[in-house]
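Just so you know, the protein sequences line up as chains V and E, in that order.
Residue 342 is where the first sequence ends in our numbering, and the numbering goes up by one at each step.
Residue 540 is where the second sequence ends in our numbering, and the numbering goes up by one at each step.
Wrong hints could be hidden among the right ones.
[To be verified] Derived PhoX-like pairs (lysine-lysine); straight-line CA-CA distance at most 25 Å:
1. LYS256(V) / LYS415(E)
2. LYS284(E) / LYS307(E)
3. LYS256(V) / LYS402(E)
[As the list claims (entries may be wrong)] Not everything, but these chain E residues come out facing chain V in the computed CB check (under 7 Å):
4. ARG358
5. TYR365
6. PRO385
7. ARG517
Honestly, the hints are just simulated from the structure, not real lab data.
For glycine and all other residues, C-beta sits at the position ideal for the given N, C-alpha and C.
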Amino acid sequence: MRSVIPILTMVAAIVVIWYGAAIGMNAQWARDQAARAGTTLSTSELIADTWSQERPKLPAPHQIVAELWKTTAMMKPTSKRSLVFHGWITLSATMLGFVFGTGAGILLAIGIVHSRSMDMGVMPWAIASQTIPIIAIAPMIIVVLNSIGITGLVPKAIISAYLSFFPVVVGMVKGLRSPDAMQLDLLRTYNASKPQALWKLRFPASLPYLFASLKVGVAASLVGTIVGELPTGAIRGLGARMLTGSYYGQTIQIWSALFAAAILAAGLVGIIGLVQRLTLRRMGAV
Amino acid sequence: MGTGCVTTKPVIEARGLDLTFQTSDGPIQALKGVDLAIEKGEFVSFIGPSGCGKTTFLRVIAGLEQATGGSVTVNGMTPDEARRERAYGYVFQAAGLYPWRTIAGNIKLPLEIMGYPRSERDARVEKVLELVDLDGFGKKYPWQLSGGMQQRASIARALAFDADIMLMDEPFGALDEIVRDHLNEQLLELWARTEKTIGFVTHSIPEAVYLSTKIVVMSPRPGRISDVIDSPLPRDRPLGIRDTPEFLAVAHRVREGLRAGHAYD
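Using the sequences provided together with the hints, build the complete structure.
So, in structure tokens, the structure goes:
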């Protein structure tokens, strides 16, 4: 109970501020409409109007919830207007990209930990890769891959992997290096091989770091997929929903797609958290 | 005691051993002119202040550090060859058990690495757990055990494979004195039962005298041996032996050796 109260207080505060902001941002339009019709609005009418416009500058929370409900539960998942349909498109590319990115990240980290030249040669490029705005190279990746005949899920997944491999590399390098000198000496006294040291010591020791990285990585994967859908004229996926929403001034549609993405990300991070708990419990943690 | 000592070669032998570390502050001579022979079945303690090279010497024997001069042999081989042959079990100051493995799993670690058949591992775990008096704790995780029990588990881990040398680097240094007394008693029992050759680094004069058949007193700057004392105490030692005049005489000689080596400066 004690932990619920602060959370609810925060949510309530955000909702109150949001409704207030909706009045402020949408009032001008309401007054203009009233003036054009030759009428005046009382304060309560004005407020009611700002919270129920069709294309508000800032939709009120209940409008977004209603739109979310309408486009998920009230619609067949196969419909082109269903957020479940678009969410699935985005989710599948995200998962594929996440698997690519995590796999590449773990392999790179293993290489970096075992080879000094890889440490010197690869790490700077990995860091440099993250300084390039993804929005700038996403269209290029899509165009280049399209020209060699790769279309559909894979180009988006590659952009998604591009964002998610980095936290995994950084976390895993730290994790694989986390065993101290004494632990490594112990394995030397057994004359253990490098693969044995990796498998028996470095890898299990790195798991807490890996899970922390995976949580960052999966959220980055989702962002990467959405970015991959935005500038490329995609017609399916949450990114495409946001884009068409902005073409036609459908702010409620944009916001509901944003919320869908946020809920998806929270769900993915939650699943990783669950896997983490189960894994660490199996590994003897309390 | 001592049968065949005259004819067999020492298990561990150092001659004119030097070791100089190159550091950013210039070379540091960690060991200088160390000569020592350890016979089979001896319990040898290395005692001295911090920086006297006792741990370094143990690490050279284990092949974890390379000597820069002189020679060391372990079972007639170089330390590195002996390490590859898995000639010794090493116990560190910290138990260093893997938190994600049970006690039994930790003891199996060297057995897995050395390729002991699966069927044999469980039997060996049972045997060494009994040796260190931890029967029935195999399924526990390290955090469920006290510090002293964890250190006993790490000793069991070093005993699990068939090395007839045990190298112990201040294994009880982090434990309180009551636990330490108890573990010392158990270690002597273990040594009597397994007939291993033990090299034991310690800070504690009573510990060294109580445990050892031979006490190597070392002094710092540069690390060297200032005295080697063959203990006149019998092999069978109850804790009470520490109040006898013989015991106190040996302790006194150790203290004199430390003083002569400027250990107290």
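> How about PRO385(E): closest beta carbon in chain V under 7 Å, or not?
Replying inline: Check passed: Cβ of PRO385(E) comes within 5 Å of chain V, closer than 7 Å.
> Is LYS256(V) close enough to LYS415(E), meaning Cα to Cα at most 25 Å?
Replying inline: Holds, at about 19 Å.
> Hey, LYS256(V) versus LYS402(E), does the alpha-carbon distance stay inside 25 Å?
Replying inline: At roughly 23 Å apart (the allowed maximum being 25 Å), LYS402(E) and LYS256(V) satisfy the hint.
>> Is the interface hint satisfied for ARG517(E)? The criterion is a beta-carbon contact with chain V at less than 7 Å.
In response: violated, 31 Å
>> Restraint: ARG358(E) near chain V, CB-CB cut 7 Å. Satisfied or not?
In response: holds, 6 Å
> Hey, LYS284(E) versus LYS307(E), does the alpha-carbon distance stay inside 25 Å?
Replying inline: holds, 23 Å
> Regarding the hint that TYR365(E) lies at the interface with chain V, is the smallest CB-CB distance below 7 Å?
Replying inline: The hint holds - TYR365(E) has a Cβ within 7 Å of chain V, the shortest such distance being about 4 Å.
Comparing the model with each earlier hint shows a violation of hint 7 alone; every other hint is respected.
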